[in-house]
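Top to bottom, those sequences are chains A and B. Here numbering that gives the first Met the number 0 is used: position 177 in the first sequence is 176, and no number is missing along the way. Here numbering that gives the first Met the number 0 is used: position 141 in the second sequence is 140, and no number is missing along the way.
Be aware that one or more of the hints could be misleading.
Result set (EDC-like, lysine to aspartate or glutamate): computed pairs, CA atoms no more than 16 Å apart in a straight line [said to hold, decoys possible]: (1) B:K78 - A:E72; (2) A:K45 - B:D113; (3) A:K152 - A:D219.
Covered stretches of chain A (in silico footprint by chain B; criterion: 3 or more residues with CB under 8 Å from a CB of chain B, positions within the stretch not fixed) [said to hold, decoys possible]: (4) 41-54; (5) 115-123.
Across the chosen pairs, the derived CB separations fall in these ranges [stated by the list, open to error]: (6) B:V136 - A:L175: 50 to 60 Å; (7) B:K3 - A:G330: 57 to 67 Å; (8) B:K3 - A:V38: 17 to 27 Å; (9) A:I277 - B:I117: 39 to 49 Å.
FYI, nobody ran anything at the bench for these hints, they're computed from the structure. We put the CB at the ideal spot given by N, CA and C, even for glycine.
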Amino acid sequence: MAAIFKANTRGKKMSEALESLFWILIFPGFLLTVAFGLVASWIVRKVSALVQWRVGPPLYQPFVDVMKLMGKEILIPQDAQRTVFLAAPIVGLSGVLLLSTMLWRITIEPTKPFVGDIIVAIYLMVLPSLALILGSSASASPHAAVGTSREMKLVMSYELPLVLAFVVVIIKTAGLIKSEQQLDLAAISQHTLVLSISGLLAFLAALLCVQAKLGFVPFDIAESETEVASGVIIEYSGALLAIWKIMQMMMLVVLPLFLVMVFLGGFGTKGWGLVWGIGKYVLVLVLLILIKNTNPRVRIDQAMKFFWFYCGAVMAIAIILATIGNYYGIGWL
Amino acid sequence: MNWKIWSLKKSPWVFHVNAGACNNCDIEIVDLLTPKFDVERFGIKLVGSPRHADALLVTGVGTRQAAIRLREVYRQIAKPCVVFCIGACACGTGIFHTGYHVAGPVDQIIKEVDPNAIIAYVPGCPPKPEAMISGIVKALSVL
């Protein structure tokens, strides 16, 4: 009797594990995010082309890029630190993978037990940048070393306003959400915070921080092709480079989705909610593309000054406004 | 057809190497990659590192100093790859053929490293960007 009971619970754990693996690898984790990422990457290139009055690549171009990279040989420099060099792209990919699975699960089934909250999301968002820094510092190339130092400085600069922006969100939803659900993303995404002054300021600062995290101009300092010959990923080739590219495509899906959930009122899943959600995501994506196409690349010291002093000061003002608005119950502050 | 070669044809990423050119062909290559000629519709993208590249755009007659570096760059490209000799000097030393500094035209230099290298020639002094596009598309279609 006891043996049958034990066998049942073991079978249940096994099926739970298989179910989680399905979520992470197929739907809604890896395959779904990569598919959307390919389309999002094409949208970026096509809109950039249209802004520059040219035609741009066909729809299958990002897919063919990745396929071609898979078919090339992998070259590892002789002096490179092999373990870190090979493991870094995989660590970064796993970070984005978990983040995407978490966000999609919360969007599709908001009432499921704890998958992750806003702190887990902030935590996982740092992993890809960290993996990039580790991978490039293991590359044993002076260009990669310059790229590493620039990427480290960039990450140090934009993490502060990004976290402050989320603190504004948490302060503003303090009165509107039950206190045990304070950090829960499903609860936060019910409220459209961009319709208030501090929410709007926080959204703009978070947008610029996401621009830096994605490595888009004006903040593509680490991977600047002409200055440091593709600094951080200079020594990567073949399938490892394909993993970096896939990682960037997935971040292009996940980070605007995160912004939509936290600031713009979430991503509905039924009927008009879904259309409206996709519209919000495309709006954030197009904002990123337009900022990308109308700005030159800035120097690393200009970027640090911008994020710490300007974005940081604006975020401090936003936090003060949000606290005052929360205390006196003024909704639009 | 092999999926590797098919995807190489659809998405050739180029890296530009100056092996001792007078800069004329380099200027034409740089303006080829501007939005006016829109080579992105062929999937062509300029990359900053030879390890990311599929096609090498070599300009200039191979000088003695540049020949050593050109061979190093070729070794660093992830195979399979194509080498494009842009301009009359790269195709066959052009007007410099009796020069003391010449270490052979580019295809001879590359073939010392890899006798089976795939090399395409785009003549001109300098070749017009339209000629370069036509050369690249024709070379990729016979791969």
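Verification of the supplied hints:
Between B:K78 and A:E72, the direct Cα distance comes to roughly 6 Å. Compliance with the 16 Å bound is thereby established for this hinted pair. Of the pairs offered as hints, the one joining A:K45 and B:D113 is violated, with about 38 Å between alpha carbons and a cut-off of 16 Å exceeded. Proximity of A:K152 to A:D219 is assessed by CA-CA distance (about 12 Å); at most 16 Å being required, the pair is judged to hold. Counting residues of the stretch 41-54 of chain A whose C-beta sits closer than 8 Å to any C-beta of chain B gives 6, which meets the bar of three, so the coverage hint holds.
For the stretch 115-123 of chain A, the proposed coverage by chain B is not satisfied: 0 residues have a C-beta within less than 8 Å of a C-beta in that chain, short of the threshold of three. Distance hint check for B:V136 and A:L175: the Cβ-Cβ separation is about 59 Å, which falls inside the suggested range of 50 to 60 Å. Take B:K3 and A:G330: their Cβ atoms lie about 59 Å apart, and the range 57 to 67 Å holds. Between B:K3 and A:V38, the C-beta spacing of about 24 Å keeps the proposed range 17 to 27 Å intact.
Range check, A:I277 to B:I117: Cβ separation about 44 Å, and the 39 to 49 Å hint holds.
Consistency with the previously given hints fails for numbers 2, 5, ordered from lowest to highest.
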